[in-house]
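Using the hints provided, position chain B relative to the given structure of chain A.
Taken in sequence, the protein lines are chains A and B. Position one of the first sequence corresponds to residue 1 (my numbering), numbered consecutively onward. Position one of the second sequence corresponds to residue 1 (my numbering), numbered consecutively onward.
No lab work stands behind these hints, which were simulated from the structure alone. Any given hint could turn out to be false.
What the hints assert, rightly or not - Listed next, the in silico DSSO-like pairs over lysine-lysine satisfying Cα-Cα at most 30 Å (straight line):
(1) 76/B - 61/A
(2) 2/B - 76/B
(3) 140/B - 41/A
(4) 140/B - 2/B
(5) 76/B - 140/B
(6) 11/A - 140/B
(7) 11/A - 41/A
(8) 76/B - 20/A
(9) 76/B - 11/A
(10) 61/A - 41/A
(11) 11/A - 108/B
(12) 61/A - 11/A
(13) 41/A - 2/B
Claimed, not checked - Label-pair distances were calculated between CB atoms; the ranges are:
(14) 32/A - 169/B: 29 to 35 Å
(15) 31/A - 36/B: 51 to 57 Å
(16) 32/A - 105/B: 20 to 26 Å
(17) 155/B - 21/A: 28 to 34 Å
No residue lacks a Cβ here, since even glycine has one placed at the ideal position from N, Cα and C.
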Amino acid sequence: MARVVVDVMPKPEILDPQGKAVLGALPRLGFTGVTEVRQGKRFEVEIDGEVTDAVLAEVNKMAETLLSNPVIEDYSVSVLGA
Amino acid sequence: MKVGVVTFPGSLDDVDARRAVRAGGHEDVALWHGDHDLQGVDAVILPGGFSYGDYLRCGAIARFAPVMTEVIAAAKGGMPVLGICNGFQILCESHLLPGALIRNDHRKFGCLDQTVAIENNRTAWTSAYEAGQHATIVLKNGEGSFVADERTLDQLEAEGRVVARYVGNPNGSQRAIAGITNEAGNVVGLMPHPEHAIEDLCGPGTDGLGFFTSLASVSA
Chain A
1 MARVVVDVMP KPEILDPQGK AVLGALPRLG FTGVTEVRQG KRFEVEIDGE
51 VTDAVLAEVN KMAETLLSNP VIEDYSVSVL GA
Chain B
1 MKVGVVTFPG SLDDVDARRA VRAGGHEDVA LWHGDHDLQG VDAVILPGGF
51 SYGDYLRCGA IARFAPVMTE VIAAAKGGMP VLGICNGFQI LCESHLLPGA
101 LIRNDHRKFG CLDQTVAIEN NRTAWTSAYE AGQHATIVLK NGEGSFVADE
151 RTLDQLEAEG RVVARYVGNP NGSQRAIAGI TNEAGNVVGL MPHPEHAIED
201 LCGPGTDGLG FFTSLASVSA
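Chain A extracted, bound-state conformation:
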């Protein structure tokens, strides 16, 4: 078993209201000096067997098709523990 991680983030030019809400809350809790917060999503995809190039290509396809919306989000794929 291996885990492949897909991180999905809103594109830099897209407004991130959730990140802004978190940014607004931090100073109220005494955390100062934070200038920006962007909130994204992390998917851990468990793979049966070895993580081959073919498997990674498949995960990239998943990320592009379903896990992210390329209009508003960027994604990156990495192997956990690799």
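Quick look at chain B alone, frame taken from chain A:
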């Protein structure tokens, strides 16, 4: 005309949409998300609500529902398709319409009577309006802020594909866009809910009815 309204798990306004179809003088047909079958309808409405709990992204999972295979093929073949609110989100996720709907800039769920200008009255769904006519219909959503890259926005403007524009901007939508159409003008996505403004008894009036009577000129 036979107008199908799709029910997804979590659809909220499918019954109102079917009622509006009847008020517009058409026969309503209930379509089911899990069927590969449009039951011979002449037009399709994707209603508002929270399909699949809005999990992942609004409309992202509904876009892959079995019935959407047929809806997408029919839309590409010229069948009139109207996506309202969550339906608009599903049309964007399906790439039948450009752009995306993200969380309102004020981060609150908005529920109000909203005035829009119907800028394009040449679509299958807006021919009953005068170009530029104002209509006050219900707007209710948490993720209603329309975004697209500048090039796409310029193209939508240049080709007259902004169907409805907010008078005032209630949610941070780029260029105050409330609704758009595809190049052919048969697919329309609209954030506010015309189906909630078809009778004087409830809702802000009858300004929404035109979206449902417009279809008559398609079949004529």
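Of the hints stated earlier, which fail here? 8 and 13
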